[in-house]
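Participant: Residues per chain, in single letters:
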Amino acid sequence: MQIYADNAATTRPSRAALAAMLPLLEEGYGNPSSLYTIGQKAKEALEDARAQVAAAIGAQPGEITFTSGGSEADTQALFTGAALGARKGKKHIISTKFEHHAVLHALEALEKQGYAVTLLDVPENGVVPVEAVAAALRPDTALVSVMYANNEIGTIQPIAAIGALCREKGVLFHTDAVQAVGHLPIDVKAQNIDMLSMSGHKFHGPKGVGALYCRRGILPQNVFYGGAQERGRRPGTENVPAIAGMAAALTEAVATMPETSPRIAALRDRLIRGILAIPHSVLNGDARQRLPGNANFCFEGIEGESLLLLLDQKGISASSGSACTSGSLDPSHVLLAIGRPHEVAHGSLRLTIGEDIGEKEIETIIESVTEVVAYLRGMSPVWRDLQEGKRSYVIQ
Amino acid sequence: MLYSEKVMDHFLHPRNVGTIEDADAVGEVGNAKCGDIMKMYLKIKEGTIEDVKFETFGCGSAIASSSMATEMIKGKPLTEALGLTNKAVTEALDGLPAHKLHCSVLAEQAIKAAVKDYYEKKGITVDPAVFAMLNEDAEEAHAHDHTADDK
Numbered sequence: 000m001q002i003y004a005d006n007a008a009t010t011r012p013s014r015a016a017l018a019a020m021l022p023l024l025e026e027g028y029g030n031p032s033s034l035y036t037i038g039q040k041a042k043e044a045l046e047d048a049r050a051q052v053a054a055a056i057g058a059q060p061g062e063i064t065f066t067s068g069g070s071e072a073d074t075q076a077l078f079t080g081a082a083l084g085a086r087k088g089k090k091h092i093i094s095t096k097f098e099h100h101a102v103l104h105a106l107e108a109l110e111k112q113g114y115a116v117t118l119l120d121v122p123e124n125g126v127v128p129v130e131a132v133a134a135a136l137r138p139d140t141a142l143v144s145v146m147y148a149n150n151e152i153g154t155i156q157p158i159a160a161i162g163a164l165c166r167e168k169g170v171l172f173h174t175d176a177v178q179a180v181g182h183l184p185i186d187v188k189a190q191n192i193d194m195l196s197m198s199g200h201k202f203h204g205p206k207g208v209g210a211l212y213c214r215r216g217i218l219p220q221n222v223f224y225g226g227a228q229e230r231g232r233r234p235g236t237e238n239v240p241a242i243a244g245m246a247a248a249l250t251e252a253v254a255t256m257p258e259t260s261p262r263i264a265a266l267r268d269r270l271i272r273g274i275l276a277i278p279h280s281v282l283n284g285d286a287r288q289r290l291p292g293n294a295n296f297c298f299e300g301i302e303g304e305s306l307l308l309l310l311d312q313k314g315i316s317a318s319s320g321s322a323c324t325s326g327s328l329d330p331s332h333v334l335l336a337i338g339r340p341h342e343v344a345h346g347s348l349r350l351t352i353g354e355d356i357g358e359k360e361i362e363t364i365i366e367s368v369t370e371v372v373a374y375l376r377g378m379s380p381v382w383r384d385l386q387e388g389k390r391s392y393v394i395q
Numbered sequence: 000m001l002y003s004e005k006v007m008d009h010f011l012h013p014r015n016v017g018t019i020e021d022a023d024a025v026g027e028v029g030n031a032k033c034g035d036i037m038k039m040y041l042k043i044k045e046g047t048i049e050d051v052k053f054e055t056f057g058c059g060s061a062i063a064s065s066s067m068a069t070e071m072i073k074g075k076p077l078t079e080a081l082g083l084t085n086k087a088v089t090e091a092l093d094g095l096p097a098h099k100l101h102c103s104v105l106a107e108q109a110i111k112a113a114v115k116d117y118y119e120k121k122g123i124t125v126d127p128a129v130f131a132m133l134n135e136d137a138e139e140a141h142a143h144d145h146t147a148d149d150k
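Line order of the protein sequences matches chains S and B. When you line the first sequence up against numbering that gives the first Met the number 0, it's residues 0 to 395, in that order. When you line the second sequence up against numbering that gives the first Met the number 0, it's residues 0 to 150, in that order.
Since the hints were derived computationally from the structure, they do not count as laboratory data. Each hint should be verified, as a subset may be incorrect.
[What the hints assert, rightly or not] Label pairs and their calculated CB-CB ranges:
no., chain 1, residue 1, chain 2, residue 2, range
1, B, Leu133, S, Arg262, 54 to 60 Å
2, S, Asn221, B, Pro96, 33 to 39 Å
3, S, Gln288, B, Pro96, 33 to 39 Å
For glycine and all other residues, C-beta sits at the position ideal for the given N, C-alpha and C.
Just chain S, with the same shape it has in the complex:
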């Protein structure tokens, strides 16, 4: 049995997405900037997709710019907020320590351009309180960027409260909602969100496509230059099939959310209970304020990459924040930000379940993880030291 439990990495494109895409690849391949019929048909598909994406988050079509994905949308949002701030002499940006690298690395680039960046600490539960944002605001704060939900530990941030605070203080507010769009109800107007990033392949759309929402009145700053596509904000011939696929997937995800979300959350809770029966294991991130499909754990005495490889042998696709899976020396910056020590952060496991998973699969995952953790502990000198009292447990 193959069990795909890495939906935070990417998702399987939905039937609705494929059905929207295929005709645009086979017959409707015209360039939306062309005047003849197949060009104008492609333009219609593009504008139809824009309306769908806008409706899914409570925005107007004119507020949506299509991008190549979440990273581009994040980059464009941050550079837009920074440039608008600089015009008013404001060059301070507030974000958090556990943002995605698309945000963190764009902020590093802005720092090099002379902006001051405050990265807020993240409490152990993985939810940044609005009070922390309020306390960090300065007279020269131009922009606040806080992710909607964390991509590793799935914790949901108090977006509406942060939005209200920023609106009151006259500060722009961007949220990286890549993990949230299509999974949580979003209303950019009610939540006072000025800019929002999304990525198609996180909600059963295709890869290589995303969108940036910018509230009316905020003109996105160009990230690169070219023609008049996307009103000149994002030049380059539009990837119409992918854009249409994303829109179809999102429309379906939003329509089915009232049914799928509680069902997946119940399965997630069963998964969490089952995995936490393993001794010296801990859930990362708040148990309630988290994405319906996200479960993330640390296990004492083992390393995450070997755990993933063995789960893969059992047909289970999962992910880890261990250094060995990131290609860097340090384990996940998210787990370190919530205070997990290095040695425990190396032994992390992220399971992100989707619509295709049922109770049977959940039981198989619990059984397999329990078995593999015990096997790896059996050959771990760290686990032996813990058991023999030569080293103390971090996770009780």
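Place chain B on chain S using the hints.
Facilitator: Relative to chain S, chain B alone:
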């Protein structure tokens, strides 16, 4: 694929896993903070490694490197075991990804640490240069590149 068939074979079916209760020598290298620890147990008779077992906390290539290294020194004289290089371990595994090379360095270090322990217990003096590489930081062999994550 990330790993060669040899690496996967030694990872999935590690040879010589475990401990030796009455080991003549034990060597432990690495640290949990960096995500790799290797521990080697040796049973030595008349200057020859009669038996070897290992325990490893680490990634797939760390487990595979430990397993391969134990196979390469089992039944061999201590002097030969001391000559085992990380390069030889890597080659025997049909290569390791660049950012995993430190795993083979740890395997070489674990063996040297165990032999050093044996010599110290027996009061045998050897040229300290033989164990010089134990002071090197295996983690320096780590690649520092960040790969793409989830976006």
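Participant: So, for every hint listed, does it hold in this structure?
Facilitator: Results for each hint:
With their beta carbons about 55 Å apart, leucine 133(B) and arginine 262(S) fall inside the hinted range of 54 to 60 Å. In this structure the hint that asparagine 221(S) and proline 96(B) lie 33 to 39 Å apart at CB holds, the actual value being about 38 Å. For the hinted restraint 33 to 39 Å between glutamine 288(S) and proline 96(B), the CB-CB distance of approximately 37 Å keeps it satisfied.
In summary, the structure agrees with every hint in the numbered list given earlier.
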